[in-house]
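Asker: Protein sequence lines, in the order shown, are assigned to chains P and L.
First residue of the first sequence? That's 113 in the working numbering, and the numbers climb one at a time after it.
First residue of the second sequence? That's 5 in the working numbering, and the numbers climb one at a time after it.
One should not assume that every hint holds.
[Said to hold, decoys possible] Derived DSSO-like pairs (lysine-lysine); straight-line CA-CA distance at most 27 Å: (1) P:LYS195 to L:LYS106; (2) L:LYS67 to P:LYS183; (3) L:LYS63 to P:LYS121; (4) L:LYS21 to L:LYS63; (5) L:LYS61 to L:LYS75; (6) P:LYS169 to L:LYS106; (7) P:LYS182 to L:LYS106; (8) L:LYS7 to P:LYS169; (9) P:LYS121 to P:LYS182; (10) P:LYS169 to P:LYS195; (11) P:LYS195 to L:LYS7; (12) L:LYS106 to L:LYS63.
FYI, nobody ran anything at the bench for these hints, they're computed from the structure.
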Amino acid sequence: DGGITQSPKYLFRKEGQNVTLSCEQNLNHDAMYWYRQDPGQGLRLIYYSQIVNDFQKGDIAEGYSVSREKKESFPLTVTSAQKNPTAFYLCASSMQGGSYNEQFFGPGTRLTVL
Amino acid sequence: SQKIEQNSEALNIQEGKTATLTCNYTNYSPAYLQWYRQDPGRGPVFLLLIRENEKEKRKERLKVTFDTTLKQSLFHITASQPADSATYLCAPEVGYGGATNKLIFGTGTLLAVQP
Numbered sequence: 113d114g115g116i117t118q119s120p121k122y123l124f125r126k127e128g129q130n131v132t133l134s135c136e137q138n139l140n141h142d143a144m145y146w147y148r149q150d151p152g153q154g155l156r157l158i159y160y161s162q163i164v165n166d167f168q169k170g171d172i173a174e175g176y177s178v179s180r181e182k183k184e185s186f187p188l189t190v191t192s193a194q195k196n197p198t199a200f201y202l203c204a205s206s207m208q209g210g211s212y213n214e215q216f217f218g219p220g221t222r223l224t225v226l
Numbered sequence: 005s006q007k008i009e010q011n012s013e014a015l016n017i018q019e020g021k022t023a024t025l026t027c028n029y030t031n032y033s034p035a036y037l038q039w040y041r042q043d044p045g046r047g048p049v050f051l052l053l054i055r056e057n058e059k060e061k062r063k064e065r066l067k068v069t070f071d072t073t074l075k076q077s078l079f080h081i082t083a084s085q086p087a088d089s090a091t092y093l094c095a096p097e098v099g100y101g102g103a104t105n106k107l108i109f110g111t112g113t114l115l116a117v118q119p
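With the rest of the complex left out, here is chain P (with noise of 0.2 Å):
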């Protein structure tokens, strides 16, 4: 089956502490985002890459950290300087970065900072 997964679909954090969520894609995509949703407003862009060893910051970057060491995963980090980090976070892949290429997205993962 191929598809883009995320995990784990419910995450629980203290504050302070830092946590990494997880996105894997076997579409043999080039591009990878992530995107945080809020309820009532619409999807926010974290980060973005284009490519493997590249990635930029989207339009709410401060306080998230990504890599993208294998053209498959593309893991978020929240660190503890994201001062609202409760929300619902989308990863999505699609063949090329550019928005004239449709963009794959997985089942979401709810963080929420007890």
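Got chain P sorted already, so can you dock chain L onto it with the hints?
Answerer: Relative to the frame of chain P, chain L by itself:
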């Protein structure tokens, strides 16, 4: 800055009718616009992409229009079914051309089709 507006109120329609959802954008001119469907607690699913030189695009019961003068896209579902109930997201592109373009997502419109 770029702004995307979709109907914030839910759209309730009767099964079999045509649903029409609106997406307005301001302060820029996207070359492409995508529409996605999102079910509760799940990731969005791509539906259609329309380019600025295409006035209309169809896929089965779905139709999208793109009016660059009005800065508006309309999304139609004909012969709607209860299974069409979901949130529909509009996503115009923004960027500088080529591979650096990104999507800006609207907040979405919740469609509820009553049997």
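Asker: Taking the hints in turn, state whether each one holds.
Answerer: Hint by hint, here is what the structure shows:
no., hint, verdict
1, P:LYS195 to L:LYS106, "25 Å, holds"
2, L:LYS67 to P:LYS183, "35 Å, violated"
3, L:LYS63 to P:LYS121, "32 Å, violated"
4, L:LYS21 to L:LYS63, "17 Å, holds"
5, L:LYS61 to L:LYS75, "16 Å, holds"
6, P:LYS169 to L:LYS106, "12 Å, holds"
7, P:LYS182 to L:LYS106, "22 Å, holds"
8, L:LYS7 to P:LYS169, "20 Å, holds"
9, P:LYS121 to P:LYS182, "22 Å, holds"
10, P:LYS169 to P:LYS195, "17 Å, holds"
11, P:LYS195 to L:LYS7, "25 Å, holds"
12, L:LYS106 to L:LYS63, "24 Å, holds"
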